[in-house]
Amino acid sequence: MKGAVRRYRALPMRSRLALLVAAAVAFGVAVVSVTCWFIVRGRLLAQVDEDLKQATQQPQHYSDVVGALSDCTQTPQGSPSELRTRGNYYLQLVRADGTACVSSNSAGVVKVTASDRDVIRRLSGSGNRDGVQVLRNGTASDGTSVRVLTLPLIVTQGLGTEPHLFPGTALLIATPLESTQRTLNDLALILLLVSGIGVVGAGAAGLAVARAGLRPVDRLTEAVEHVARTEDLTIRIPVADDSEDEIARLSRSFNSMTASLASSRDLQQQLIADAGHELRTPLTSLRTNIELLTRSEETGRPLPEADRKALLASVKAQMTELASLIGDLQELSRSDSQRGERIQVIALQDTVEAALRRARLRGRELTITADVEPWFVRAEPAAMERAVVNILDNAVKFSPEGGTVEVRLADGVLTVRDHGPGIAADELPHVFDRFWRSPSARALPGSGLGLSIVARTVRQSGGEVTLSPAAGGGTVATVRLPGAPTPPPETPPRTPPAAP
Numbered sequence: 001m002k003g004a005v006r007r008y009r010a011l012p013m014r015s016r017l018a019l020l021v022a023a024a025v026a027f028g029v030a031v032v033s034v035t036c037w038f039i040v041r042g043r044l045l046a047q048v049d050e051d052l053k054q055a056t057q058q059p060q061h062y063s064d065v066v067g068a069l070s071d072c073t074q075t076p077q078g079s080p081s082e083l084r085t086r087g088n089y090y091l092q093l094v095r096a097d098g099t100a101c102v103s104s105n106s107a108g109v110v111k112v113t114a115s116d117r118d119v120i121r122r123l124s125g126s127g128n129r130d131g132v133q134v135l136r137n138g139t140a141s142d143g144t145s146v147r148v149l150t151l152p153l154i155v156t157q158g159l160g161t162e163p164h165l166f167p168g169t170a171l172l173i174a175t176p177l178e179s180t181q182r183t184l185n186d187l188a189l190i191l192l193l194v195s196g197i198g199v200v201g202a203g204a205a206g207l208a209v210a211r212a213g214l215r216p217v218d219r220l221t222e223a224v225e226h227v228a229r230t231e232d233l234t235i236r237i238p239v240a241d242d243s244e245d246e247i248a249r250l251s252r253s254f255n256s257m258t259a260s261l262a263s264s265r266d267l268q269q270q271l272i273a274d275a276g277h278e279l280r281t282p283l284t285s286l287r288t289n290i291e292l293l294t295r296s297e298e299t300g301r302p303l304p305e306a307d308r309k310a311l312l313a314s315v316k317a318q319m320t321e322l323a324s325l326i327g328d329l330q331e332l333s334r335s336d337s338q339r340g341e342r343i344q345v346i347a348l349q350d351t352v353e354a355a356l357r358r359a360r361l362r363g364r365e366l367t368i369t370a371d372v373e374p375w376f377v378r379a380e381p382a383a384m385e386r387a388v389v390n391i392l393d394n395a396v397k398f399s400p401e402g403g404t405v406e407v408r409l410a411d412g413v414l415t416v417r418d419h420g421p422g423i424a425a426d427e428l429p430h431v432f433d434r435f436w437r438s439p440s441a442r443a444l445p446g447s448g449l450g451l452s453i454v455a456r457t458v459r460q461s462g463g464e465v466t467l468s469p470a471a472g473g474g475t476v477a478t479v480r481l482p483g484a485p486t487p488p489p490e491t492p493p494r495t496p497p498a499a500p
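In full-length UniProt numbering, the protein residues as written are 1 to 500.
Don't read these hints as lab results, they were simulated from the structure.
Just to be clear, a hint being listed does not mean it is correct.
Below 30 Å or equal to it, Euclidean Cα-Cα: the simulated BS3-like pairs (lysine-lysine) are [unchecked claim]:
(1) Lys309 to Lys397
(2) Lys53 to Lys111
(3) Lys397 to Lys316
Since this is a predicted model, take the numbers as computed values, not measurements.
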């Protein structure tokens with residue numbers, strides 16, 4: 001059995017579908033054929049039974065019955081009296097002890113059974129013969145299969161006399177079943193042939209249907225093999241717009257998957273190219289400064305102290321920029337699933353206050369005002385603080401000396417307004433792109449990844465972020481985050497962050 005299952009599983013899907021269809025059709029045809037055969041058999045036997053009952057409608061002559069009983073014989077020959085019947089029937093009388101008295105014109109002798117004697121027993125002491133009869137299959141003395149009817153014997157004394165029951169004796173009449181069995185055998189052969197043709201046809205039809213139904217799967221398989229062989233993600237499987245079956249849905253999913261993979265690969269290549277471009281500038285500056293310091297040491301001609309301090313400050317600044325860029329790249333390289341594992345309920349007002357303390361340290365010549373109300377959101381604590389810090393850093397970076405940065409958090413909306421030069425209208429659609437930097441800000445420190453990280457973090461938390469020009473000059477950064485002014489019941493009491 002296990003070997004057959006293994007062989008079945010080793011077959012191609014088309015063959016398995018064809019076998020399943022053929023098996024299902026074979027089962028259905030077998031059920032219908034067997035049911036049909038039994039129905040026809042029942043109808044034929046019912047017709048034979050009706051013929052037997054019609055043959056016993058006329059009562060027997062009393063004298064013939066008495067003669068047959070007195071000259072009782074178990075063979076069709078030698079009986080001086082003839083019981084009346086029609087056709088080629090087996091006709092005999094049955095006594096209470098089971099003795100059979102065969103009529104001289106009987107086709108043969110039928111073996112008497114206990115059910116035949118039971119007819120006489122049930123009739124004893126009762127003058128009503130209704131329902132006292134037996135229909136059964138039997139065998140004649142010559143081995144012929146017969147249909148047997150045993151019922152009470154009705155006799156008449158002569159013309160004009162009323163028929164009455166003959167006590168202690170039953171009439172047994174039987175007819176051969178050869179023609180009925182021949183008909184049933186022919187029917188069984190026809191049903192067998194039709195079933196075989198139906199099963200073979202169903203198998204062929206199943207194979208054709210499987211081939212037609214699996215043709216889209218073949219195209220999908222070829223596409224997958226092509227992608228695995230060539231890494232070409234531009235391949236698409238044609239799908240009808242109005243098709244909604246499982247194969248069409250699978251094809252659309254494959255097309256969507258390859259499109260997403262192609263887009264992801266393009267973004268990855270763009271990220272690598274942009275990162276390489278951004279890393280080249282600080283590395284080139286570092287290399288130049290280090291070469292100057294090295295050459296000064298090798299030639300023995302020391303640099304002026306002011307120049308040496310300027311070079312070391314430049315090296316330190318470039319190292320800081322490299323560290324910041326690497327940190328931003330690591331943040332962007334994390335998948336959404338990795339970020340989602342650390343999401344929890346946080347107090348946004350505490351995050352904003354911590355970011356404000358860091359921003360005030362960096363922009364000591366600026367005035368930063370804050371109006372912060374409680375608001376609790378679901379987010380990754382470190383990522384959310386980094387996003388708020390990036391927004392404040394941008395505001396500090398582009399604010400003039402002695403300027404003001406206004407921060408407000410109310411009803412889940414965080415706004416940060418600066419009074420800097422603002423952003424041109426044609427540059428606003430690109431501010432959240434990776435490595436994009438305004439032409440006017442190319443000389444300022446930064447990697448161009450800060451706002452991209454902000455946008456990703458806010459989207460991860462179910463919110464949105466926008467930049468827009470402020471009335472009177474400057475820029476307004478608006479962050480909207482879903483949440484509530486009070487923490488949920490299962491959130492433990494928050495601990496205020498320690499001062500830096």
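Kindly indicate which numbered hints from before are broken by the structure, ordering the numbers from low to high. none
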